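Engineer: Sequence:
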Amino acid sequence: MTSIVNEYRSGRIVLPGEKLCIVEEFMPGSGVYERNGTVYSRCVGRVLYDYCSRKVSVIPSPYKTPIIPKPGRIIWGQVYSVSDDIAVIRIFRIEGAKALSGTFTGIIHVSQLSENYVRVVEEAIKLGDYIRAKVLTSWSPYQLTTKNATLGVILAYCSKCGKPLWRRNTILYCKACGNTEKRKISIKYMLSE
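With our numbering applied, the sequence shown covers 176 to 368.
These aren't lab readings, by the way, just hints derived from the structure by calculation. Bear in mind the structure is a predicted one, so any value in this text is a computation, not a measurement. Warning: the hint list may mix true and false statements.
What the hints assert, rightly or not - In the DMTMM-like style, the derived pairs of lysine to aspartate or glutamate whose C-alpha atoms are separated by at most 20 Å in a straight line are:
#: 1; residue 1: K363; residue 2: E270
#: 2; residue 1: K230; residue 2: E270
#: 3; residue 1: K230; residue 2: E193
#: 4; residue 1: K230; residue 2: E200
#: 5; residue 1: K194; residue 2: E209
#: 6; residue 1: K350; residue 2: E368
#: 7; residue 1: K338; residue 2: E368
#: 8; residue 1: K309; residue 2: E270
#: 9; residue 1: K322; residue 2: E297
#: 10; residue 1: K301; residue 2: E290
#: 11; residue 1: K335; residue 2: E290
#: 12; residue 1: K322; residue 2: E298
#: 13; residue 1: K194; residue 2: D225
#: 14; residue 1: K322; residue 2: E368
#: 15; residue 1: K357; residue 2: E298
#: 16; residue 1: K357; residue 2: E270
#: 17; residue 1: K301; residue 2: D259
#: 18; residue 1: K357; residue 2: E368
#: 19; residue 1: K245; residue 2: E270
#: 20; residue 1: K335; residue 2: E297
#: 21; residue 1: K309; residue 2: E290
#: 22; residue 1: K230; residue 2: E209
Said to hold, decoys possible - Computed Cβ-Cβ distance ranges for the label pairs, DEER-style:
#: 23; residue 1: T312; residue 2: V198; range: 19 to 27 Å
#: 24; residue 1: K357; residue 2: I242; range: 30 to 38 Å
#: 25; residue 1: E199; residue 2: A274; range: 34 to 42 Å
#: 26; residue 1: L275; residue 2: T345; range: 49 to 57 Å
#: 27; residue 1: P246; residue 2: E368; range: 30 to 38 Å
Ideal Cβ placement from N, Cα and C applies to all residues, glycine included.
All chains, full assembly: derive it from the sequences and hints.
Structural biologist: In structure tokens form, the structure reads like this:
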């Protein structure tokens, strides 16, 4: 009688979203997910390749999983680059979580800024603005949206004098110089009358 012994190979530590293989090589097991034919790690852990059943799994690490942006989560960030159709956001907080496990970048396309038509990004957000946004994707740079009344600019500064802007209905104004500016304002804007 012949017995078949499974051959396993494991070893390296992997992070969430790390590419492990393609489905033609190994089928997804536990602790992984498949997207467009590629298998990725779902958690921090040790990768396990089962050569008999042709499955790949990730055995979760006993250590804490890093705090990273995930689809559906709300983040706070600051706009640090703007073009006509894209804004780049430095993510510094995930609502409901403690400290982030590193530095993360998000991108908002002009079509994701508002339910209403926005021609160019600077009609809705500007360089230096602090925003509240929702994460759409699980990979970096994270795709973000501000299409909700609770999402959008939560703090902005005057483009003329640099002082904080105050919310008055749908307009932001500067108490120091009288300048008014338009943004895609969150109903959670920090300074209002």
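Engineer: None of the hints should be skipped; say for each whether it holds.
Structural biologist: Quick rundown of the hints versus the structure:
1. Proximity of K363 to E270 is assessed by CA-CA distance (about 13 Å); at most 20 Å being required, the pair is judged to hold.
2. Proposed proximity of K230 and E270 is contradicted: the alpha carbons are some 35 Å apart, above 20 Å.
3. For a cut-off of 20 Å, the pair hint linking K230 to E193 stands: about 16 Å separates their Cα positions.
4. At most 20 Å may separate the alpha-carbon atoms for a hinted pair to count; K230 and E200 meet this at roughly 8 Å.
5. In summary, the hint linking K194 to E209 is supported, as the alpha carbons are separated by about 10 Å, within the 20 Å threshold.
6. Proximity of K350 to E368 is assessed by CA-CA distance (about 11 Å); at most 20 Å being required, the pair is judged to hold.
7. Our distance criterion of 20 Å between C-alpha atoms is met by K338 and E368, whose separation comes to about 16 Å.
8. Distance restraint check for K309 and E270: the Cα-Cα separation of roughly 10 Å lies within the 20 Å cut-off, and the hinted pair is therefore satisfied.
9. Between K322 and E297, the direct Cα distance comes to roughly 16 Å. Compliance with the 20 Å bound is thereby established for this hinted pair.
10. Annotation: proposed proximity of K301 to E290 holds, straight-line Cα distance about 18 Å (limit 20 Å).
11. Taken as a hint, the K335 and E290 pair is broken in the structure, with Cα atoms around 28 Å apart against an allowance of 20 Å.
12. A C-alpha spacing of about 14 Å is found between K322 and E298, which places the hinted pair at or below 20 Å, so the restraint holds.
13. About 17 Å separates the Cα atoms of K194 and D225, which keeps this hinted pair within 20 Å; it holds.
14. For the hint linking K322 to E368, the alpha-carbon distance of about 24 Å lies beyond 20 Å, and the restraint is violated.
15. As the CA atoms of K357 and E298 are separated by approximately 7 Å, the hinted pair is consistent with the 20 Å bound.
16. A hinted pair counts as satisfied when its Cα atoms are at most 20 Å apart, and K357 with E270 does not qualify at roughly 26 Å.
17. Of the supplied pair hints, the one linking K301 and D259 holds, its CA atoms being roughly 11 Å apart against a limit of 20 Å.
18. Among the hinted pairs, K357 with E368 is consistent with the structure: their alpha-carbon atoms are about 16 Å apart, no more than 20 Å.
19. Taking the CA atoms of K245 and E270, the gap is about 11 Å. The hint holds against a cut of 20 Å.
20. Restraint check for K335 and E297: satisfied, since their Cα atoms lie roughly 15 Å apart, inside the 20 Å limit.
21. Restraint check: the Cα-Cα separation between K309 and E290 comes to about 14 Å, which is no more than 20 Å; the hinted pair holds.
22. Using a Cα cut-off of 20 Å, the hinted pair K230 and E209 holds, with the two alpha carbons roughly 12 Å apart.
23. Distance hint for T312 and V198: a CB-CB separation of about 20 Å, consistent with the stated range 19 to 27 Å.
24. A C-beta distance of roughly 34 Å is found between K357 and I242, which places it inside the suggested range of 30 to 38 Å.
25. Taking 34 to 42 Å as the suggested C-beta distance range, the pair E199 and A274 conforms, at roughly 39 Å.
26. Between L275 and T345 the Cβ separation comes to about 32 Å, which falls outside the hinted range of 49 to 57 Å.
27. At roughly 35 Å, the beta-carbon separation of P246 and E368 lies within the given 30 to 38 Å, and the hint holds.
In summary, the numbered hints that this structure violates are 2, 11, 14, 16, 26.
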